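Student: Here are the chains, one letter per residue:
There are 2 protein chains.
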Amino acid sequence: MTKRPLILVTNDDGIIAPGILKLVEVMKELGDVVVVAPDKPQSGKSHAITLDATLYLKKTSFGIAGVKSYASSGTPADCVKIGLKEVLDRKPDLCVSGINHGSNASVNMVYSGTLSAAVEAGIKGVPAIAFSLLDYDWNANFKGLEKYVRKIAKNVLEKGLPDRVVLNVNFPKVSKESFKGIKIVRQSKSNWNENFDKRMNPMGKEYFWLTGVFENLDTSDDTDEFALKNNFISVTPVKIDFTAHEFMDKLRTWNL
Amino acid sequence: MTKRPLILVTNDDGIIAPGILKLVEVMKELGDVVVVAPDKPQSGKSHAITLDATLYLKKTSFGIAGVKSYASSGTPADCVKIGLKEVLDRKPDLCVSGINHGSNASVNMVYSGTLSAAVEAGIKGVPAIAFSLLDYDWNANFKGLEKYVRKIAKNVLEKGLPDRVVLNVNFPKVSKESFKGIKIVRQSKSNWNENFDKRMNPMGKEYFWLTGVFENLDTSDDTDEFALKNNFISVTPVKIDFTAHEFMDKLRTWNL
Numbered sequence: 043m044t045k046r047p048l049i050l051v052t053n054d055d056g057i058i059a060p061g062i063l064k065l066v067e068v069m070k071e072l073g074d075v076v077v078v079a080p081d082k083p084q085s086g087k088s089h090a091i092t093l094d095a096t097l098y099l100k101k102t103s104f105g106i107a108g109v110k111s112y113a114s115s116g117t118p119a120d121c122v123k124i125g126l127k128e129v130l131d132r133k134p135d136l137c138v139s140g141i142n143h144g145s146n147a148s149v150n151m152v153y154s155g156t157l158s159a160a161v162e163a164g165i166k167g168v169p170a171i172a173f174s175l176l177d178y179d180w181n182a183n184f185k186g187l188e189k190y191v192r193k194i195a196k197n198v199l200e201k202g203l204p205d206r207v208v209l210n211v212n213f214p215k216v217s218k219e220s221f222k223g224i225k226i227v228r229q230s231k232s233n234w235n236e237n238f239d240k241r242m243n244p245m246g247k248e249y250f251w252l253t254g255v256f257e258n259l260d261t262s263d264d265t266d267e268f269a270l271k272n273n274f275i276s277v278t279p280v281k282i283d284f285t286a287h288e289f290m291d292k293l294r295t296w297n298l
Numbered sequence: 043m044t045k046r047p048l049i050l051v052t053n054d055d056g057i058i059a060p061g062i063l064k065l066v067e068v069m070k071e072l073g074d075v076v077v078v079a080p081d082k083p084q085s086g087k088s089h090a091i092t093l094d095a096t097l098y099l100k101k102t103s104f105g106i107a108g109v110k111s112y113a114s115s116g117t118p119a120d121c122v123k124i125g126l127k128e129v130l131d132r133k134p135d136l137c138v139s140g141i142n143h144g145s146n147a148s149v150n151m152v153y154s155g156t157l158s159a160a161v162e163a164g165i166k167g168v169p170a171i172a173f174s175l176l177d178y179d180w181n182a183n184f185k186g187l188e189k190y191v192r193k194i195a196k197n198v199l200e201k202g203l204p205d206r207v208v209l210n211v212n213f214p215k216v217s218k219e220s221f222k223g224i225k226i227v228r229q230s231k232s233n234w235n236e237n238f239d240k241r242m243n244p245m246g247k248e249y250f251w252l253t254g255v256f257e258n259l260d261t262s263d264d265t266d267e268f269a270l271k272n273n274f275i276s277v278t279p280v281k282i283d284f285t286a287h288e289f290m291d292k293l294r295t296w297n298l
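Top line first, the protein sequences correspond to chains A and B.
Heads up, the first sequence is in our numbering, so the first residue is 43 and it goes up one at a time.
Heads up, the second sequence is in our numbering, so the first residue is 43 and it goes up one at a time.
Rather than coming from a laboratory, the hints here were simulated on the basis of the structure.
One thing to keep in mind: the hints can contain errors.
When chains are identical, the list treats them as one kind, so a pair holds in a single copy or across two.
[Said to hold, decoys possible] Derived pair list, reagent style DSBU-like, types lysine-lysine, alpha-carbon separation capped at 30 Å: (1) K292 <-> K271; (2) K292 <-> K193; (3) K189 <-> K82; (4) K240 <-> K82; (5) K82 <-> K110; (6) K133 <-> K218; (7) K166 <-> K231.
Every value quoted in this text rests on a predicted model; they were computed, and no experiment measured them.
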C-alpha cells in the first residue's frame with residue numbers, strides 16, 4: 043500500500059472562510075490534510091512576513107474528520123513557514139492555497155496573499171497551487187469547481203512541478219455548466235487605477251480608503267484575463283525568478 | 043532651460059531612517075524631490091497594500107531645503123500609490139526606494155518592501171530603482187555610495203527602462219575604497235532556513251519569533267550573491283511578469 047500524500051492547506055481569507063473549507067473537502071480525497079491558515083483575513087498582504095512582531099499558532103477544530111488544523115496570527119507566507127517547520131513532521135507532497143474569494147489573475151498576483159503562500163512553498167521545494175474564484179462575496183458559490191481542483195492537484199501530485207515554479211489557478215464567476223474548460227495562459231498586463239476615497243474622521247483628521255478601477259492593458263487571447271472573460275478556467279505557471287533576463291545585455295552596454 | 047526631473051522617493055525602513063536621508067541628498071542634485079514614505083518601519087512587508095484599514099497621510103518636514111515630504115501610515119506600495127495620486131501633480135520621471143538597511147538581493151527580493159515600492163512604480167509606468175546596503179544597522183555607513191547611486195539614477199533618467207522593468211541595486215557592506223564597481227547580475231536562488239524561536243508570554247501562552255539562517259543555493263558568478271560577496275555592487279533588472287513562459291508548452295501536454 044502506498045503512503046497517502048501529505049497536503050498542507052492555507053489561504054489568505056482566513057481559516058473560517060468558505061473557500062478553504064471547499065478546498066479541504068477536495069484535498070481530503072487525495073491525501074492527509076493539515077491546515078495552517080491565518081486566524082483573520084489577510085487579503086492584499088502579498089508576500090509579507092512577520093519580522094517585528096510575535097506569531098501565535100493555535101490548534102483549532104476544522105470540523106472535518108481527520109483534518110488537523112492550526113490558526114496562525116501571521117500572514118499567508120508566515121503560515122507556510124511555520125506549518126513546514128513547527129507543524130508538519132515531514133515535507134508535504136503538495137501545498138494548496140485558497141480557494142480565494144476574488145481574482146488573483148493578472149496584476150492581482152502582485153498583491154495576492156493566496157499566491158504568495160504557494161510561492162513560499164515553492165521556494166521550499168514543495169509543489170504548490172493557488173486557487174481563486176472571481177467572486178469577492180463571502181457567500182460565493184464554489185460548487186462545480188471541485189472536479190477541476192481535483193484534476194489539477196492530482197496532476198501536480200503525480201507529475202510534480204519544475205524547480206521554483208508554482209501554479210496560479212483562477213475560476214470565472216459563472217455557473218458550473220458555463221465553464222468552457224481549462225486554459226494554460228500567461229499573466230495579463232493590467233493595472234488598478236487608484237481612486238483614493240478621502241474622508242474626515244470624527245476628530246477632524248483626514249484619512250483615505252484605497253479604492254480603484256481595474257484596467258486590463260492586454261487583450262491578447264493567450265492571457266489569463268482573456269481566458270476568464272471567456273468563461274475558461276485560467277492556469278498560469280508562475281516562476282520564482284525576478285530577473286529580467288532579456289534586458290541584461292542591453293543594461294551592460296550602459297557601462298555603469 | 044529644460045525642466046528639472048520630478049523624483050518620488052520612498053523606502054520601507056520609515057521616513058526617519060538614515061538611508062532615505064542619504065538617498066534624498068543625492069536625488070536633490072538630479073531633480074525636484076518629493077518624499078512619500080511610511081511613518082514607521084515596514085520591513086518584510088513585500089507588496090502588501092492596505093485594503094481593510096484607513097490610510098493617513100501627513101505633511102512632514104524632511105529637513106532638507108526644497109524637499110516636500112509626507113509620511114503615510116501605509117506600506118511602501120501604498121506610499122507609491124498615494125504619492126502618485128494624491129501628492130504629485132504630474133507623473134514623476136523617476137521613483138527611487140531606499141536606501142534600505144539590509145540586503146534585498148536573491149530571495150530577499152520576495153519579502154522586500156523597498157523593491158515592491160519600485161515595482162509598484164514600474165506598474166504605473168514610472169522608471170524605478172530600489173537601493174539597499176547589506177547592513178541592517180540603523181547607523182550603517184552610507185558614505186561612498188553616493189557616486190554609484192547618482193550614476194545609476196542619472197542613467198535611468200536619461201535612457202529610461204523597458205516597460206515593466208525596474209532595477210534592484212545592492213551595495214556590499216565594505217568601505218568605499220573596497221567597492222570593485224558595478225556588476226549586472228541575475229537573482230540568485232537562495233532560501234531562509236527558518237528557525238522559529240518558541241517562547242512563553244507572561245500569561246503562559248506560547249508564541250514564536252521568526253528567525254532563520256540564510257542559505258545561498260546558487261554559487262554561479264553571474265548572480266547577485268556572488269557579486270556582493272566579491273565586493274561588487276549588484277544591479278539586477280527585475281521584470282514585472284510572473285509567468286513561467288518556458289513551462290507553458292509542457293504544461294499544455296498535461297491535458298488538464
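Student: A separate judgement is required for each hint: does it hold in the structure or not?
Tutor: Hint check:
1. K292 <-> K271: Classified as between: cross-chain Cα gap 24 Å, same-chain 36 Å, threshold 30 Å.
2. K292 <-> K193: The answer is between: 17 Å across copies meets 30 Å, while 42 Å in one copy does not.
3. K189 <-> K82: Intra 28 Å, inter 46 Å, cutoff 30 Å: intra-copy only.
4. K240 <-> K82: both (26 Å within a copy, 22 Å between copies)
5. K82 <-> K110: within (18 Å within a copy, 37 Å between copies)
6. K133 <-> K218: Cα proximity of K133 and K218: none, with 34 Å in one copy and 44 Å across.
7. K166 <-> K231: both (28 Å within a copy, 11 Å between copies)
Violation of the numbered hints given earlier is confined to hint 6; every other hint is satisfied by the structure.
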